[in-house]
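K.L.:
Protein chains in written order, with this note's numbering: chain W, 1 to 222; chain P, 1 to 222; chain F, 1 to 222.
FYI, nobody ran anything at the bench for these hints, they're computed from the structure. Computed from a prediction, not measured in an experiment: that's the story for all the values here. One or more hints might be untrue.
Copies of the same chain are indistinguishable here, so a pair counts whether it falls within one copy or spans any two.
[Said to hold, decoys possible] Subject to a maximum C-alpha distance of 30 Å in a straight line, what follows is the list of computed DSSO-like cross-link-like pairs (lysine-lysine): (1) K203 with K90; (2) K210 with K2; (3) K36 with K210; (4) K36 with K163; (5) K163 with K203; (6) K163 with K90; (7) K210 with K90; (8) K2 with K203; (9) K2 with K163; (10) K2 with K36; (11) K36 with K203; (12) K90 with K36.
If you want the building blocks of each chain, they are given just below.
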Amino acid sequence: MKPVVILGCGGHASVVSSALLTQNRMILASTTPDPKAVNRSLYAWEIITDEDLLARYNPDDIELALGIGWTSPNNATFWVQRIVQRFLEKGFQFTGCRHPFAWIAPEACIDPTAQIHAGAVIQPRATIGPFAIINTRASVDHDCTIGAFSHLAPGVTLSGSVKVGDGCHIGTGASVIDQIEIGTECLIAAGSVVVSSVPANSKVRGVPAKPFFTVAQHQPDT
Amino acid sequence: MKPVVILGCGGHASVVSSALLTQNRMILASTTPDPKAVNRSLYAWEIITDEDLLARYNPDDIELALGIGWTSPNNATFWVQRIVQRFLEKGFQFTGCRHPFAWIAPEACIDPTAQIHAGAVIQPRATIGPFAIINTRASVDHDCTIGAFSHLAPGVTLSGSVKVGDGCHIGTGASVIDQIEIGTECLIAAGSVVVSSVPANSKVRGVPAKPFFTVAQHQPDT
Amino acid sequence: MKPVVILGCGGHASVVSSALLTQNRMILASTTPDPKAVNRSLYAWEIITDEDLLARYNPDDIELALGIGWTSPNNATFWVQRIVQRFLEKGFQFTGCRHPFAWIAPEACIDPTAQIHAGAVIQPRATIGPFAIINTRASVDHDCTIGAFSHLAPGVTLSGSVKVGDGCHIGTGASVIDQIEIGTECLIAAGSVVVSSVPANSKVRGVPAKPFFTVAQHQPDT
Numbered sequence: 001m002k003p004v005v006i007l008g009c010g011g012h013a014s015v016v017s018s019a020l021l022t023q024n025r026m027i028l029a030s031t032t033p034d035p036k037a038v039n040r041s042l043y044a045w046e047i048i049t050d051e052d053l054l055a056r057y058n059p060d061d062i063e064l065a066l067g068i069g070w071t072s073p074n075n076a077t078f079w080v081q082r083i084v085q086r087f088l089e090k091g092f093q094f095t096g097c098r099h100p101f102a103w104i105a106p107e108a109c110i111d112p113t114a115q116i117h118a119g120a121v122i123q124p125r126a127t128i129g130p131f132a133i134i135n136t137r138a139s140v141d142h143d144c145t146i147g148a149f150s151h152l153a154p155g156v157t158l159s160g161s162v163k164v165g166d167g168c169h170i171g172t173g174a175s176v177i178d179q180i181e182i183g184t185e186c187l188i189a190a191g192s193v194v195v196s197s198v199p200a201n202s203k204v205r206g207v208p209a210k211p212f213f214t215v216a217q218h219q220p221d222t
Numbered sequence: 001m002k003p004v005v006i007l008g009c010g011g012h013a014s015v016v017s018s019a020l021l022t023q024n025r026m027i028l029a030s031t032t033p034d035p036k037a038v039n040r041s042l043y044a045w046e047i048i049t050d051e052d053l054l055a056r057y058n059p060d061d062i063e064l065a066l067g068i069g070w071t072s073p074n075n076a077t078f079w080v081q082r083i084v085q086r087f088l089e090k091g092f093q094f095t096g097c098r099h100p101f102a103w104i105a106p107e108a109c110i111d112p113t114a115q116i117h118a119g120a121v122i123q124p125r126a127t128i129g130p131f132a133i134i135n136t137r138a139s140v141d142h143d144c145t146i147g148a149f150s151h152l153a154p155g156v157t158l159s160g161s162v163k164v165g166d167g168c169h170i171g172t173g174a175s176v177i178d179q180i181e182i183g184t185e186c187l188i189a190a191g192s193v194v195v196s197s198v199p200a201n202s203k204v205r206g207v208p209a210k211p212f213f214t215v216a217q218h219q220p221d222t
Numbered sequence: 001m002k003p004v005v006i007l008g009c010g011g012h013a014s015v016v017s018s019a020l021l022t023q024n025r026m027i028l029a030s031t032t033p034d035p036k037a038v039n040r041s042l043y044a045w046e047i048i049t050d051e052d053l054l055a056r057y058n059p060d061d062i063e064l065a066l067g068i069g070w071t072s073p074n075n076a077t078f079w080v081q082r083i084v085q086r087f088l089e090k091g092f093q094f095t096g097c098r099h100p101f102a103w104i105a106p107e108a109c110i111d112p113t114a115q116i117h118a119g120a121v122i123q124p125r126a127t128i129g130p131f132a133i134i135n136t137r138a139s140v141d142h143d144c145t146i147g148a149f150s151h152l153a154p155g156v157t158l159s160g161s162v163k164v165g166d167g168c169h170i171g172t173g174a175s176v177i178d179q180i181e182i183g184t185e186c187l188i189a190a191g192s193v194v195v196s197s198v199p200a201n202s203k204v205r206g207v208p209a210k211p212f213f214t215v216a217q218h219q220p221d222t
């Protein structure tokens with residue numbers, strides 16, 4: 001396996017690097033968007049900028065891992081997708097991770113770039129899309145589908161046959177009953193209990209989960 | 001160990017078959033209540049009707065596994081119990097499962113027909129009754145008792161010394177504090193937080209969980 | 001490793017003893033505050049009083065384990081701390097436990113007296129303080145800090161960079177989003193979803209969690 005450079009150097013990068021090391025991957029460096037953070041000694045490896053990465057490493061020699069844990073859909077997701085797109089266009093390939101203290105049913109289908117973290121459970125016939133994050137101790141039950149760039153936060157529980165679109169964030173400790181469809185780019189707030197389907201671009205919260213809006217969210221994106 | 005025929009061929013059957021395969025059990029067939037579904041290629045094995053099962057297999061040669069995941073108590077539980085009773089009367093025996101990615105304390109007492117699925121934790125001195133399902137990543141703490149045909153949905157958390165009667169359904173992501181008694185045939189809705197005991201035949205929901213009724217539920221069973 | 005005497009003989013003691021046995025520790029006895037409970041046959045070992053313990057065992061020959069699972073902060077925590085202090089002053093040392101069916105990231109920092117129980121996950125750069133209990137299937141994410149004598153009940157989920165002060169109780173199934181600070185001696189009720197920081201000595205509950213008080217709690221401590 002090729003050595004890895006991690007995009008990002010914050011908290012989620014530490015989770016990703018720990019998972020990769022547990023899989024015996026070699027890590028060369030983490031990147032930072034903040035040039036002042038270069039070479040901070042948080043890790044055993046160098047912290048460099050994305051430009052350093054491009055200057056130093058050949059796309060054939062390494063794999064990248066996405067170490068950014070975004071918490072809101074829409075702009076956040078697009079921002080992360082742009083970063084990924086930029087490196088894909090330069091010929092780099094991404095690796096995901098499959099933590100050894102997780103259960104992935106052999107009958108599940110996991111994209112190679114998806115991340116399955118410690119304590120997670122993926123049941124049979126679930127499909128996990130590209131760059132999706134199944135975070136600490138989240139579970140995805142039989143026949144669920146998780147879209148690209150969707151993020152299930154720690155402790156999320158999806159019952160069977162749930163369909164989550166692309167670019168969603170399901171917050172810490174949220175639960176979703178069986179057969180629910182969640183459209184693309186939805187935000188399910190932490191601790192929500194989702195008992196009816198959620199249209200695309202919605203933000204829901206509560207027990208049971210209901211739509212919510214804030215003033216800021218009514219303003220046009222600029 | 002004898003080979004297994006699974007009653008049911010839907011989502012929960014896929015969870016049960018995956019658990020059994022992980023325990024190196026051999027699976028011969030799944031059954032369907034819908035004759036039109038016979039021999040659909042969802043699995044590597046045949047899908048047959050219950051009548052085919054009775055015609056083809058000798059009770060001494062196989063074990064049955066209950067692959068039906070009901071979500072409501074009362075009629076649903078009775079229906080499942082009747083199916084089980086029918087096969088027991090014909091001399092068949094049932095197996096449960098104990099997923100290898102689950103923790104069952106040696107001091108717990110698990111009925112051989114109970115199902116303990118991936119990510120579940122059973123703590124010391126817990127008792128799990130016949131045909132109970134402890135589903136994906138549910139946990140049952142010390143000194144709990146789970147009655148026959150009760151189903152803890154994915155992500156349920158029971159604290160210590162909880163007593164759950166027969167034929168209950170505890171919904172996705174629900175939590176129950178210590179010392180609570182839940183009577184027979186109760187429905188605890190998804191995401192409920194149970195902080196006081198629940199009489200038999202109740203339906204509760206919310207944080208904290210309170211009783212609820214619907215018009216349909218006031219009508220006599222027919 | 002030295003053999004262990006467990007302080008306490010109730011439900012949490014059974015969880016602690018099970019974890020210790022799973023780590024191949026030898027257990028000599030459990031203690032009871034109730035002299036009438038001496039030699040009840042709950043365990044394979046003797047149940048003795050604290051005075052018996054002091055009379056029989058040399059601090060150099062054994063380790064103690066705290067088998068008491070308190071559920072309220074303030075008086076309960078102080079009471080447990082006094083018990084621990086009493087034995088520390090007599091020269092005894094305490095052991096924690098790290099259940100083998102738990103994941104502790106190598107980059108986490110766990111006090112030797114902390115308890116990590118079955119199904120728990122501790123992510124990188126988390127710090128778990130002295131005598132803290134991370135109970136069944138609770139998770140502590142990257143960069144969290146858990147204070148001394150704090151107890152995360154079964155199924156609790158902490159997202160990243162949460163800071164929990166000393167002597168807190170976080171109830172069954174509660175969730176805390178990232179970056180939250182919870183002061184010392186707080187009670188977070190079962191099933192709460194904490195989305196804003198909690199000052200010291202607070203009691204909060206609900207989704208989202210809000211402060212609550214009872215008449216008794218307005219009375220001065222005596």
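K.L.:
Does each hint fit the structure? Answer for all of them.
P.N.:
Okay, the hints, checked on the actual structure:
Taking identical chains as interchangeable, the C-alpha atoms of K203 and K90 are never at most 30 Å apart, the minima being 35 Å within one chain and 53 Å between chains. When the C-alpha separation of K210 and K2 is checked against a cutoff of 30 Å, the pair qualifies neither within a copy, at 45 Å, nor between copies, at 49 Å. Neither within a single protomer nor between protomers do K36 and K210 lie at most 30 Å apart by alpha-carbon distance, with minima of 42 Å and 39 Å respectively. For a Cα distance limit of 30 Å, the shortest separation of K36 from K163 across copies, 26 Å, qualifies, whereas the shortest one inside one copy, 41 Å, does not.
Within a single copy, K163 and K203 get their C-alpha atoms as close as 16 Å, and across copies as close as 27 Å, so both meet the 30 Å cut-off. In this assembly of identical chains, the alpha carbons of K163 and K90 never lie at most 30 Å apart, being 32 Å within a copy and 40 Å across copies at closest. Taking CA atoms no more than 30 Å apart as the test, K210 paired with K90 passes in neither setting, with 42 Å inside one copy and 49 Å between copies. With identical chains, the CA atoms of K2 and K203 are never at most 30 Å apart, being 39 Å at best within one copy and 50 Å at best between copies.
Within a single copy, K2 and K163 get their C-alpha atoms no closer than 33 Å, and across copies no closer than 36 Å, so neither meets the 30 Å cut-off. With identical chains, the CA atoms of K2 and K36 are at most 30 Å apart within one copy only, with a shortest distance of 28 Å there and 49 Å across copies. In this homomeric assembly, K36 and K203 never come within 30 Å of each other (Cα to Cα): the closest approach is 35 Å inside a single copy and 41 Å across copies. Within a single copy, K90 and K36 get their C-alpha atoms as close as 25 Å, which meets the 30 Å cut-off; across copies the closest is 51 Å, which misses it.
Against the hints set out earlier in the document, violations occur for numbers 1, 2, 3, 6, 7, 8, 9 and 11.
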